[in-house]
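Asks: Chains as they are written, first to last, in our numbering: chain U, 1 to 244; chain A, 1001 to 1121.
These are calculated hints, taken from the structure and not from any lab test. Hints may contain errors.
[As the list claims (entries may be wrong)] Now the in silico label distances, taken between C-beta atoms and shown as ranges:
1) CYS58(U) to LEU1022(A): 21 to 31 Å
2) ILE1086(A) to ALA139(U): 38 to 48 Å
3) GLY1118(A) to SER126(U): 43 to 53 Å
4) ALA1044(A) to ARG122(U): 42 to 52 Å
5) HIS211(U) to MET1041(A): 29 to 39 Å
6) ARG243(U) to ILE1086(A): 41 to 51 Å
7) ASP163(U) to ALA1108(A): 39 to 49 Å
8) ASP114(U) to TRP1018(A): 52 to 62 Å
[Unchecked claim] Residues from chain A that face chain U, not an exhaustive set, calculated with beta carbons under 7 Å:
9) GLU1016
10) LEU1022
11) GLU1053
12) TRP1093
For glycine and all other residues, C-beta sits at the position ideal for the given N, C-alpha and C.
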Amino acid sequence: MSEPRANGPELSVEVWRGRAEGRFQTYRVPLRPSQTVLDVVTYVQRRIDPTLSYRFACRVGMCGSCAMMVNGAPRWTCRTHVARVAKDRRLRLAPLRNLPVIKDLAADMTPFFDKWREAEARFLPSSPRAAATARIPPADPERAAADAAIECIGCGVCHAACDVVAWQPDYLGPAALNRAWTLVNDARDADRRAHLAAVAGDAGCHACHSHQSCATFCPKGLNPTASIAGLKRASALALLAGRL
Amino acid sequence: MDARVQGGAVVGGRRELWLFVLQRASAALLAPLVLVHLATMIYAIQGGLSAAEILARTRASVAWPLLYALFVAAASVHGAIGLRTIVREMTPWRGASLDAAAVAFALACLALGFRAVGALA
């Protein structure tokens, strides 16, 4: 397929091709107003090179599937405008950092979600489905702490941004720990101690250096560093109180 | 079960958590102690005191050797835990041999530190 010639301004887009071994291939893409990085990738695949692999679903910042490295920083590409991130009309796109590459821009999210399981980052119900809905006041401090961390879409941007994940592959990472913090604060959960115990181990919340890269890059504006600080505090207090 | 799960969240028990608590507690002690130490050093030098005059003061006091004994203990604990963490992050070295090396480092710091405190007392 030949590359279409555009008359207007163009972007120079370097795209990772291959797996762990590979190279950047450069494409020229017409620059358009209000263009997102995902628009650029889709243009490359549909108009220039149909062998390019990437991942997306909702295109509106809900599903968390289109994250990739854009000029070295992890971004949700469907909500990232080219005008905000392109330098001299250049983009360099790579699969998410700290994860294996399936092909081209598609990272393998398996290790990312495995860590959610290792962190016991799933709700443990304390009452049957038929029971009355738990009543938790919105102003309850635990409810407020969980609320602040609950809107994660599982995009993996924080995981890619985190240097501790890069240094220590066992480290549970900001997303799983952030989710664990919501459960530690969930009055409906059947075993909140188990959530704390799961993140208080060898590669848990205490490995965090509070660099705050997760909070800097989280597209939802969450602060996993604050959640992890909460887990550190709660687990240390539980230990000293003999509850852990 | 792969190595990542074995070395992961649950295995490792409470040791890391205790080390975290010790690290925080020793840091809380060191913060004021370092400030007192630095201020005293600057004050003593500004005043033009000789080593003999400084030793005369510390040997006449119970508080100074005690303060520095606490300083040595906190610094030994804090330094050993911190170095162990750095090694674990920056190198593949893990396990009992690393823990033994960290303990040896702490003991060496304690021995050298208390030797110095002994000279003050």
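Asks: Confirm or reject each hint.
Replies: Against the structure, the hints:
1. Taking the beta carbon of each, CYS58(U) and LEU1022(A) are about 46 Å apart, not inside 21 to 31 Å as hinted.
2. The supplied range of 38 to 48 Å is met by ILE1086(A) and ALA139(U), whose beta-carbon atoms lie about 42 Å from each other.
3. Checked against the hint of 43 to 53 Å, the pair GLY1118(A) and SER126(U) fails, with Cβ atoms roughly 58 Å apart.
4. Range check, ALA1044(A) to ARG122(U): Cβ separation about 59 Å, and the 42 to 52 Å hint is violated.
5. Judged by the Cβ atoms, the range 29 to 39 Å given for HIS211(U) and MET1041(A) holds: they are separated by roughly 32 Å.
6. Evaluation of the 41 to 51 Å hint for ARG243(U) and ILE1086(A) yields a failure: the beta carbon distance comes to about 30 Å.
7. Under the hint 39 to 49 Å, the C-beta atoms of ASP163(U) and ALA1108(A), about 30 Å apart, miss the expected range.
8. For the pair ASP114(U) and TRP1018(A), the supplied restraint of 52 to 62 Å is violated, since their beta-carbon distance comes to about 27 Å.
9. The beta carbon of GLU1016(A) comes within 5 Å of a beta carbon in chain U, closer than 7 Å, and the hint placing it at the interface holds.
10. Because the beta carbon of LEU1022(A) sits about 10 Å from the nearest beta carbon in chain U, more than 7 Å, this interface hint is broken.
11. Below 7 Å, beta-carbon pairs count as interface contacts, and GLU1053(A) has none with chain U, the closest being about 44 Å; its hint is therefore violated.
12. At its closest, the beta carbon of TRP1093(A) sits 13 Å from a beta carbon of chain U; the interface hint therefore is violated under the 7 Å criterion.
In this structure, the hints that do not hold are numbers 1, 3, 4, 6, 7, 8, 10, 11, 12, in rising order.
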